[in-house]
Structures are given as structure tokens and as C-alpha cells.
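Visitor: Based on the provided sequences and hints, a complete structural model is requested.
There are 2 protein chains.
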Amino acid sequence: MGADCVYSIIGKKPFDLVIKNVKIVNVFTESIVEGDVAVTGGVIAYIGPIDFPYTANEEIDGAGRYAVPGFIDAHMHIESSMMAPARFAELVLACGTTTVAADPHEIANVCGAAGVRAMAEASANMPLHVLMMAPSTIPSAPGLERSGWSLGEKEMEELLDIPGVAGMGELMDFNAVAGGDERILGVVEAARRRGVILDGHVPALTGARLQAFRATGVDADHTDMSLPRAKEKLAAGFSIQIQHSFLSEDLIAYVDQFPLQDRIMLITDDVPFVELVEHGHLNANVRRAIALGLRPLRAIRYATINAAARLRLYDRGAVSPGYRADILLMKDLEKIEPDMVFSDGRLVAENGRCLVRMEKYKFPEEFYHSVHVLPLAAEDFALKAELPAGAAEALIHVLGCNEITTRTKNETRWIPVRNGQLDTAGLVKVGVIYRHGYGPEKAPGKEVSLGLLAGFPAFRGALATTYAHDSHNLTVYGTDEEDMARAANRLLEIGGGLCAVQDGEVLAEVPLPVAGVLTEGEADELQEQFGAFFRAVERLGLRHANPMMFLTLMTLAVSPEIKCTDIGLVDTLEKKFVPLVVEAR
Amino acid sequence: MGADCVYSIIGKKPFDLVIKNVKIVNVFTESIVEGDVAVTGGVIAYIGPIDFPYTANEEIDGAGRYAVPGFIDAHMHIESSMMAPARFAELVLACGTTTVAADPHEIANVCGAAGVRAMAEASANMPLHVLMMAPSTIPSAPGLERSGWSLGEKEMEELLDIPGVAGMGELMDFNAVAGGDERILGVVEAARRRGVILDGHVPALTGARLQAFRATGVDADHTDMSLPRAKEKLAAGFSIQIQHSFLSEDLIAYVDQFPLQDRIMLITDDVPFVELVEHGHLNANVRRAIALGLRPLRAIRYATINAAARLRLYDRGAVSPGYRADILLMKDLEKIEPDMVFSDGRLVAENGRCLVRMEKYKFPEEFYHSVHVLPLAAEDFALKAELPAGAAEALIHVLGCNEITTRTKNETRWIPVRNGQLDTAGLVKVGVIYRHGYGPEKAPGKEVSLGLLAGFPAFRGALATTYAHDSHNLTVYGTDEEDMARAANRLLEIGGGLCAVQDGEVLAEVPLPVAGVLTEGEADELQEQFGAFFRAVERLGLRHANPMMFLTLMTLAVSPEIKCTDIGLVDTLEKKFVPLVVEAR
Chain A
713 MGADCVYSII
723 GKKPFDLVIK
733 NVKIVNVFTE
743 SIVEGDVAVT
753 GGVIAYIGPI
763 DFPYTANEEI
773 DGAGRYAVPG
783 FIDAHMHIES
793 SMMAPARFAE
803 LVLACGTTTV
813 AADPHEIANV
823 CGAAGVRAMA
833 EASANMPLHV
843 LMMAPSTIPS
853 APGLERSGWS
863 LGEKEMEELL
873 DIPGVAGMGE
883 LMDFNAVAGG
893 DERILGVVEA
903 ARRRGVILDG
913 HVPALTGARL
923 QAFRATGVDA
933 DHTDMSLPRA
943 KEKLAAGFSI
953 QIQHSFLSED
963 LIAYVDQFPL
973 QDRIMLITDD
983 VPFVELVEHG
993 HLNANVRRAI
1003 ALGLRPLRAI
1013 RYATINAAAR
1023 LRLYDRGAVS
1033 PGYRADILLM
1043 KDLEKIEPDM
1053 VFSDGRLVAE
1063 NGRCLVRMEK
1073 YKFPEEFYHS
1083 VHVLPLAAED
1093 FALKAELPAG
1103 AAEALIHVLG
1113 CNEITTRTKN
1123 ETRWIPVRNG
1133 QLDTAGLVKV
1143 GVIYRHGYGP
1153 EKAPGKEVSL
1163 GLLAGFPAFR
1173 GALATTYAHD
1183 SHNLTVYGTD
1193 EEDMARAANR
1203 LLEIGGGLCA
1213 VQDGEVLAEV
1223 PLPVAGVLTE
1233 GEADELQEQF
1243 GAFFRAVERL
1253 GLRHANPMMF
1263 LTLMTLAVSP
1273 EIKCTDIGLV
1283 DTLEKKFVPL
1293 VVEAR
Chain B
713 MGADCVYSII
723 GKKPFDLVIK
733 NVKIVNVFTE
743 SIVEGDVAVT
753 GGVIAYIGPI
763 DFPYTANEEI
773 DGAGRYAVPG
783 FIDAHMHIES
793 SMMAPARFAE
803 LVLACGTTTV
813 AADPHEIANV
823 CGAAGVRAMA
833 EASANMPLHV
843 LMMAPSTIPS
853 APGLERSGWS
863 LGEKEMEELL
873 DIPGVAGMGE
883 LMDFNAVAGG
893 DERILGVVEA
903 ARRRGVILDG
913 HVPALTGARL
923 QAFRATGVDA
933 DHTDMSLPRA
943 KEKLAAGFSI
953 QIQHSFLSED
963 LIAYVDQFPL
973 QDRIMLITDD
983 VPFVELVEHG
993 HLNANVRRAI
1003 ALGLRPLRAI
1013 RYATINAAAR
1023 LRLYDRGAVS
1033 PGYRADILLM
1043 KDLEKIEPDM
1053 VFSDGRLVAE
1063 NGRCLVRMEK
1073 YKFPEEFYHS
1083 VHVLPLAAED
1093 FALKAELPAG
1103 AAEALIHVLG
1113 CNEITTRTKN
1123 ETRWIPVRNG
1133 QLDTAGLVKV
1143 GVIYRHGYGP
1153 EKAPGKEVSL
1163 GLLAGFPAFR
1173 GALATTYAHD
1183 SHNLTVYGTD
1193 EEDMARAANR
1203 LLEIGGGLCA
1213 VQDGEVLAEV
1223 PLPVAGVLTE
1233 GEADELQEQF
1243 GAFFRAVERL
1253 GLRHANPMMF
1263 LTLMTLAVSP
1273 EIKCTDIGLV
1283 DTLEKKFVPL
1293 VVEAR
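In the order they appear, the protein sequences are chains A and B. Residues in the first sequence are numbered from 713 upward in steps of one, following our numbering. Residues in the second sequence are numbered from 713 upward in steps of one, following our numbering.
These are calculated hints, taken from the structure and not from any lab test. Take the hints with a grain of salt, since some may be wrong.
The list cannot tell twin chains apart, which means a pair is met if one copy fits it or any two copies do.
[To be verified] Each computed EDC-like pair below joins lysine to aspartate or glutamate, with the alpha-carbon atoms no more than 20 Å apart:
no.	residue 1	residue 2
1	Lys-1158	Glu-869
2	Lys-724	Asp-1044
3	Lys-943	Glu-742
4	Lys-943	Glu-833
5	Lys-735	Asp-1051
6	Lys-735	Asp-773
7	Lys-725	Glu-901
8	Lys-725	Glu-894
9	Lys-1158	Glu-1232
10	Lys-732	Asp-773
11	Lys-725	Glu-1237
12	Lys-735	Glu-865
13	Lys-1096	Glu-1193
14	Lys-724	Glu-901
15	Lys-866	Glu-961
16	Lys-735	Glu-944
17	Lys-866	Glu-1077
18	Lys-725	Glu-771
19	Lys-725	Asp-893
20	Lys-735	Glu-1237
Guide: Structure below.
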């Protein structure tokens, strides 16, 4: 390819493409070069005014727009979009993302190594370049939840053998790492021996414990980026990967003056489908960083060449000779909305629409039968607490929720006992059913683990989801046991997804038939389904700033403070089970 | 290893080593942290004041010295030192160099792929970590000289298969690259397909020709770093590797404020043995950069973490948890003289002396028989120009030399003809004899290619060398043909090296029996030999600022302006042969 670039410059072959009249963003000098961009064989051959004789197979007028390197997302999860890679690619290419490092830990919790392999195969040979990362922490809270897989050293090695897998995905059980847990350290060592990229997830450690985590070789983090944490991580040699929610004026001001710029980058982590459609992808973070005061050329660098360096992709991240022709043309450097997106020198998106139709990948048949649960009845959702005869009230643990965050408070409260049963009026039940099947035959079960949520007094009906971090067990929220059973059974019928039920009627549903976490439908279709689903959520009276996050996170036993898994109620700070009923009197 | 670091921090295992009471240079923040450095399994586990209970197998008092990362040399040639890797390692470890990327293109010109393989084997498993680069341009001037090998695409692939080879060494025939020469482009493509590091050597290209060179994927240069050249290369995405001779105040001032700091580094390229002993290794460049105004912590970064990033060595370049414990302790940050050098956590040098004795590598037997030349007689060095009968004078090409540089002027001058022969009084003859053998049997020859040097009127005697860039043919300088034959024959006897002869007597010699370019002797011994040799050079009347450079570069057909190879006199700017005698009258 490089040879062909030389031949084009010396006039022995035409350039494949010349984009005339652009303002080229040079990420090395943080400056603008006016001129043209000439491409041969998918590689940039020349930038600047072409002051020598040449021919070109195609010439495009850049009309004075900026030519920016394609955005590179150094840490993200495709499954957050709930879209299969092909459809996801179409959406994000239109936003200017041309390379992503994807950690498929959601689907791996359901399908194990086969899930990673399928995502790698499904993501190969697209104009969106996908680097697959091997999920490292499955389940996220061993012993406190059950998922479809359990990953140790041997499994990590198996994942790293899959073509397209370039590194170890975020190591999430930071307390176990810093505490010297042999199993998790074995996983890291397996990856470290391969010399691959090692990603971390380390919100809470500082001091010696943070250094212990770093000493394992893991050298990137995308979690807590409050200023003191970001400073400490940078000083310890971490690459800091800043997601949208951590962008702040003081962080921007700090990183802007930091002497070693190349370990700072912008990433997306999780972008739910609705946000993706409304606000965009990595370009939305770049836009936000600029709005917070970062110089546009520096913000672009954080989402291009710096991410490329982190991912050890030496062939991209710059509009400069020798680099892949992944190029965005945009009118201004504040909105960060590409008019034209080139991948390997080919125009793949224009004015927010993808021009290329990606081939549909055929997932393994068993991925479409991933909800191994027997049909449920109302009584399966009944609380069967053993209370002393004659008790009038009981002290119970609840997930103390509010309408803003997904952080729960570990609260206890006294509730009445009527007819020997807990009276849960004013509370919302959550039932979590292990859905990955028992034994090698994946025999279905119907064991419901129940908890209670406080904070949604207006809720009435039921909401069910098979997308529930990270184990993706079948999770049902509700006030009416009949509705809860109906919602759960509907998901059994459609092979997974989300649905809303009230008074026995399915009000809305979002089918996610691939492993219960992905759809293969079109973005337009999904947008309609989500629209209907959110209207139904509102009608059910669940008021929350981010209902999707809320519904999918009440099962995640690694985030504070109390969660409900398929095994029981978990005090996630103490990493132990707590009983629903503490005492009765 | 990482796991053991964690165990040491949590008190489950002792640290292997704790260096107490040091000022730790943090290359990420460009700041100093006071405290301790704790090491386990050759990896840094913790830095800073150890404020938790711990045990250590060994504890050293750093006595308030600076703890600096071991220096990493991203571009160099071991053969410049004329020492075998084991002895070279002992010398440079004492200077604080703990990792080098070595391009063995000198020995490869003599021994081909076997030379690269031998250097890789000889350099394995030493406390000096050696990354081998595959030489890419052999011979350096195809068609204008003959060496012991000729490298094309197939040979590059062969080199890249050698264990320990990490990339393509400096691509030197930049004009051929920018001119679209298919053979050299095939070599680059072979390396590019492997995705390895691609080094360049591109002093003279600018504009579209520089971009053409860069478009091949080659992205580092260590040649001309005059300010405009350095600026253009940085803007084109090159890593700039600054050697001692290009360090200047204006370059330092420019790079200091450059926004993308990670592509700037200090390297040594060639450090002849005598300079190495007198001034040091990469530490001498760091010292010089600081003397020219660069902040010490930034200069250190250019010789540590930046070089590591270039070499894709993610496990070194910082005194920080997770990094290899390659650590220098030094009293100040101006002299850059390490008192103690640790490699992988082991003390390997102290007060300028290496404490470790490296095992001698057994080079293949044929490396000791690399001078395939028949014994020479005085008449072999006689000029046999065919002059017209009765000519009184002749116009000849000479290598116009001076006492300062190694750049020659392509001059012509009239000299007298006496008895039908050129009268070369006042000039010095240079005779170059192809020494790599003819045919698969490597049959010896004795064909002498002759040239004349102007600029050394006081010279009397003969100097011979088998170390002569880059083809390393047997090269003899002299005014007396008997002495020239004696000097040449002495090198045949000792298997190569350098020697000085006057009035039939060998005044001094430096044996280089390995491929005629390396010795396996001790540094002390070599220092004595060089001392004697330079005294002899002076006695012979060759006055030059750098006689070693001068003697070994008059054969290099890729540096300006006129040189003498084994085939003939070469106008190196026009890349063509020129006759010794232009005309006679």
C-alpha cells in the first residue's frame, strides 16, 4: 500500500481519491494546514497543496471544511446500544467513529467464549474497525451472582486466542486484585504473559492499593475521574479514558496543562441506544470537552491519535501520510458533526446517514434461545418470608432508590405484617430469575430471588428485562404479581428483551432476541420500540431520569450499596448477602 | 510477576528489594516524589514513602539520590563500539543504558542474515536488554559497491523471523524510496505487512518526497535535525531521534514547547569505542541536552518513556509500579552519571563499573575467517592508468579532504606524469579490496580499486582497516606501496581490524577478528590498542579531528561527495562512477 502511495506521488499511478480544498487538522502540531488530501490504496499519501502534476480516479471538493481523523474509541461496549455490530456500525460511522475497542462482556456473561467469538466474527471486515477485548471479570461478583459463564486463567487464554481479540478488557474486581485474590490475579497474569493491552476499572482505589492494582500491569482506567482521582491515576502511569459523565471544567483545565499528553483520551464506555440516536457517539464527548473549554484540536487528539497509541494501532489517528484514510469532513470544530465520513478512503457516511449496508452476521442458533426459564405464575413472585406466628411488623432491607441516580441506599424499615405475610404496599418488588440454565443441558428453572425497592410510590404494573448488568438474568420489577408473571412470560416468548405490562396487558416491548441483549433490527425500528417502551414506563409511574440505566443496574452487585441478584440481596460494599427480613415483632 | 507485587504490598511476601530514601523522577508528571522504591520479581511494586508494614529481602539506602528510569536507546549500532555485545553491555550498563534497539547492519554487510542471527543470540538474556532491528539497506549503495550480502524482500522476511528481531532498521536509500524503486519498496512492504517498527534515515528529503517516504509507513528518523528539518519531520508524524551531533539550543527550545512530546527522543546512533569510554553513552546526550537548556526531567523523558513508547516496550521507561525495575541512582541531574544501575531489580553496575560478567557468546566459526583476500604485493597498489604516450600531465578526480569533517569534495586537479605514470606526490592513495569472497566458495581475490585523497600532505606510511562503512571491504590508505601491502597483509594474518605501518614496520594494530568488525577483548585492552593506534596515526602524519570516522567513511557511497568503493570512484551525489583520470595532455 505504501508503495502505491509513492507511485501516485511520482505520477506512476493515479491517486484513488483527492479531497480538494480542506483545512487539515494536524494532530501532531495541533495546527491547521490548508490544502488537499490525496489517498491511494486506503492510505493517505500526501497532504497539503498538491503542487506537482498528478492524476486521480476521483476528486471531491472539500469546500473549505475541516479534515479530521476518524474518531477512535479506546474503551466501549457495543452491547450498550443493544444493536448487533452491523447495525451499530452504521449508526456510529455516521457520527464519525471509525475504530472502536469493544469489550463484549455483556454477551460473554450470557454465552461465554462463544459470545466473544461471535462478536469478533460479527465485527470483522466492516468499515467500522473493531478491536475486540477479552472480558476479564465474569461474573462481575463471583459467589454473589450467577451468570452464563465463569472466567478464570484458562478461559482468558482461550479468549486471547480468538482472532480479532487484542487485549484484556476492563478488570473490574479491583478489590479482589488489590486484596491479592489468586484467581483474578491468575487472569491478569495470563493476559500479561501475552503482552497485550490490559484495561482496568478502578473507581475506588487510592494509595498503595491503587499502586498494587497498577503493578499487575493494568494501565488504563475509565471510571472515577474526579480531579484528585484523575491526578493520582495519571501520576501512576495510567492512561485516563474520560467518559461523558466525568467531563468537567476542572478536569479539562488540568489535563490541558499536563506534560504527558498522550495518555489522555476521550471514550464512550456505555452509550445506550437512545442517547446514541439523540446525541451521537464519541463525537458528543469531543463536543462536550470543547464546550467545557478544551481547545478543539486538543480534544480531537484525545479522540484520535492518543486512542490509537493506547490501542497500539500505529496506522491511524492522523490525517497525515502513511495513515489509514479514516477521515471526517466537518464544517466547524464546535459541533463536531461530520458531513462526510471516509473509512480506508471510501465514503461511508454523509450528513448523518450511513451509505454502506453492512452484511448481517448469522449468530449461532443457540444465541436465540438464551432464556432458560420455565413459565412463571403469579405465586412465583410471592414473598414467602417465614415470620413468627403473631408478628405484627417486620424490619426489612430495601433498595433505597431515588429518581436521579442508580446508586441505591442500603436501608432498613419496619413494614406491617398482615395475615402472616409482609405488606409491601408502597414498595416495588424486584424478582431476579437465573436464566442461563442448569447443568450441561441448560435445564430451565424458575427460582425467583426477591427484593424490595423504595422510592417509587406511584409505580403500578410490571417491567421485565433480560438485559440486566452484568449477569443478564431475567429481572422483573412490579407491584402486581400477575403482571410480573405476564411480563416475564412475554420475554420467554420473544426470546428476551424488555417489556412493560399493566393490568395483564403488554403495553410495549423491545425484543432483544440475540442472547437476550441484542436486536438485529434496524435503528428506526428500535427507536420506535424504545419510544413506546418509555411511554409505557411513564404510564406505569416509574419516574427516573434514566429509566434504562435504572432498570438494568438494580442487579449489578459491584456498584453501591445494595442490589438484588439471582441468589439474594447483596450488600455490595461489604460483599455479603443480607436477609430480606432482619427481624419481626 | 504482577501478582507477586500485590502479595508484597499486602504483606503476604517480602519485597525482593527496597531502595529507601530516594528522589523518584516521575516521567509522567515531570516531577519528583520523595520516598522509597519497592521491587518484587524484577518489577516495581510501589513508589513513595512506605507507610504500611512490610518485609524486604534486601534494603538499600538511596541516600537522597535521584531514582531515574534506566536509559533506553531507540536507535543505535552495537558494532560502532567494535565490541562484542557482552563486552559492550558491560560498558553501557555502567553508563545507565539498560535497553537498546540495535541495528546490526555493519555485521550484516559482512555475514548476512547469519550476522543478524548471531548478534540477536549474542544479545539475548543479558541485563542490557537488546531489541534487534533487521537491517534494511544492504549494500547501502547497490551497484556502486559490493558487500557480503544483498538484501531484498525475501531476505527482510527471513530477518524478521529471527527471534529477538522487533522491526526494520533504518531505511537508508531514501532517494530510491521516494523515487519509487520497486526493490526497496518491496523490502519496506515486507516489514510493513508484519506490523513491526519501521525506522528511517532521511536526511535530505523535504516536501512531497518526504511525504512519499513517510507514506510507506516508515515513521522515525535520526538524521538531519537542523531546525527546519526537525519541524517538518515532527509535523509529518515522524518520531525524531536526536543524536549528540544534532543537539542545538534552537532545537531544544523548539522541542521543549512542542505539543506532542512523546515522539521526541534522544538516541546515540554511532558511539565509537573511544568516545564511549571517554564521554559515556546515552547519558552523554542527556547531559548535553540539559546543558543546552532542556529541563532535566524532560531530557530524561526523551531517553526513557518516550523511547519505550517508540519501541512498543510498555513495561519500561518509568520508575513507577508495574514497570521493570531498571533504575539508576544518581547524585545530580546535570552530570547524569549513575552511581548505581539496577536491571530488573538487580544491581548490575556501581560507580561506573559493571558488576556482572556477561557470558561470552560463541560466534560461528566462519565469522573468524571473513577476510577473503589473497596476500597483496606492493605492485597491487600501483596505479595502472593508461595514459597516451608522451603525456606530461593528467587531470584526475581526487577526494578533497580536510582535517575537520568526513565530507569529501569532488575535486579535479592536474598532476604530473613521469615515465608514463601518474606522479601522486603530495596525495594519499586509497585502495579498496573486495573482501567477501567470490562465489559460493568465497574464493579470495586481490583486485584493488584505487583512488587518491588530497588534504594530507604530511602523511607517510600506510593505514589499513576492514571496518569501512558500510560494506567493510579491506581498505588501505598510504603513500608507500610496500607499506600498504604490509598493512593489508597484516590484517589478513589477524583476521581483520585496523593497523598502522611505516617503513615496513607494524606500529600498532587493533584486531577485530569477528567479521573484521568486532573484538571479543576487554574494554581495557581495546583502550590500550586504540591509544597505540592513534599515536601511530599521528606519527604517520594523518591529522584529523576524528581519525576513526575519517578512515572508516571514505568508502561510504551514500554520503557526499566522492568516495572510493571496491568497484571504483563514486560521485555519490549523482550516484555514478567517475574515472580516476579524466584526461591527459
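Visitor: Compare the structure with each hint and give your call.
Guide: We went through each hint and held it up to the structure:
no.: 1; hint: Lys-1158 to Glu-869; verdict: neither (34 Å within a copy, 59 Å between copies)
no.: 2; hint: Lys-724 to Asp-1044; verdict: neither (36 Å within a copy, 57 Å between copies)
no.: 3; hint: Lys-943 to Glu-742; verdict: between (24 Å within a copy, 13 Å between copies)
no.: 4; hint: Lys-943 to Glu-833; verdict: neither (38 Å within a copy, 43 Å between copies)
no.: 5; hint: Lys-735 to Asp-1051; verdict: within (14 Å within a copy, 52 Å between copies)
no.: 6; hint: Lys-735 to Asp-773; verdict: within (12 Å within a copy, 57 Å between copies)
no.: 7; hint: Lys-725 to Glu-901; verdict: between (49 Å within a copy, 17 Å between copies)
no.: 8; hint: Lys-725 to Glu-894; verdict: between (58 Å within a copy, 13 Å between copies)
no.: 9; hint: Lys-1158 to Glu-1232; verdict: neither (28 Å within a copy, 76 Å between copies)
no.: 10; hint: Lys-732 to Asp-773; verdict: within (5 Å within a copy, 63 Å between copies)
no.: 11; hint: Lys-725 to Glu-1237; verdict: neither (45 Å within a copy, 58 Å between copies)
no.: 12; hint: Lys-735 to Glu-865; verdict: neither (49 Å within a copy, 38 Å between copies)
no.: 13; hint: Lys-1096 to Glu-1193; verdict: within (13 Å within a copy, 111 Å between copies)
no.: 14; hint: Lys-724 to Glu-901; verdict: between (51 Å within a copy, 18 Å between copies)
no.: 15; hint: Lys-866 to Glu-961; verdict: neither (44 Å within a copy, 55 Å between copies)
no.: 16; hint: Lys-735 to Glu-944; verdict: between (37 Å within a copy, 18 Å between copies)
no.: 17; hint: Lys-866 to Glu-1077; verdict: neither (25 Å within a copy, 45 Å between copies)
no.: 18; hint: Lys-725 to Glu-771; verdict: within (15 Å within a copy, 65 Å between copies)
no.: 19; hint: Lys-725 to Asp-893; verdict: between (59 Å within a copy, 14 Å between copies)
no.: 20; hint: Lys-735 to Glu-1237; verdict: neither (38 Å within a copy, 61 Å between copies)
Violation of the numbered hints given earlier is confined to hints 1, 2, 4, 9, 11, 12, 15, 17 and 20; the remaining hints are satisfied by the structure.
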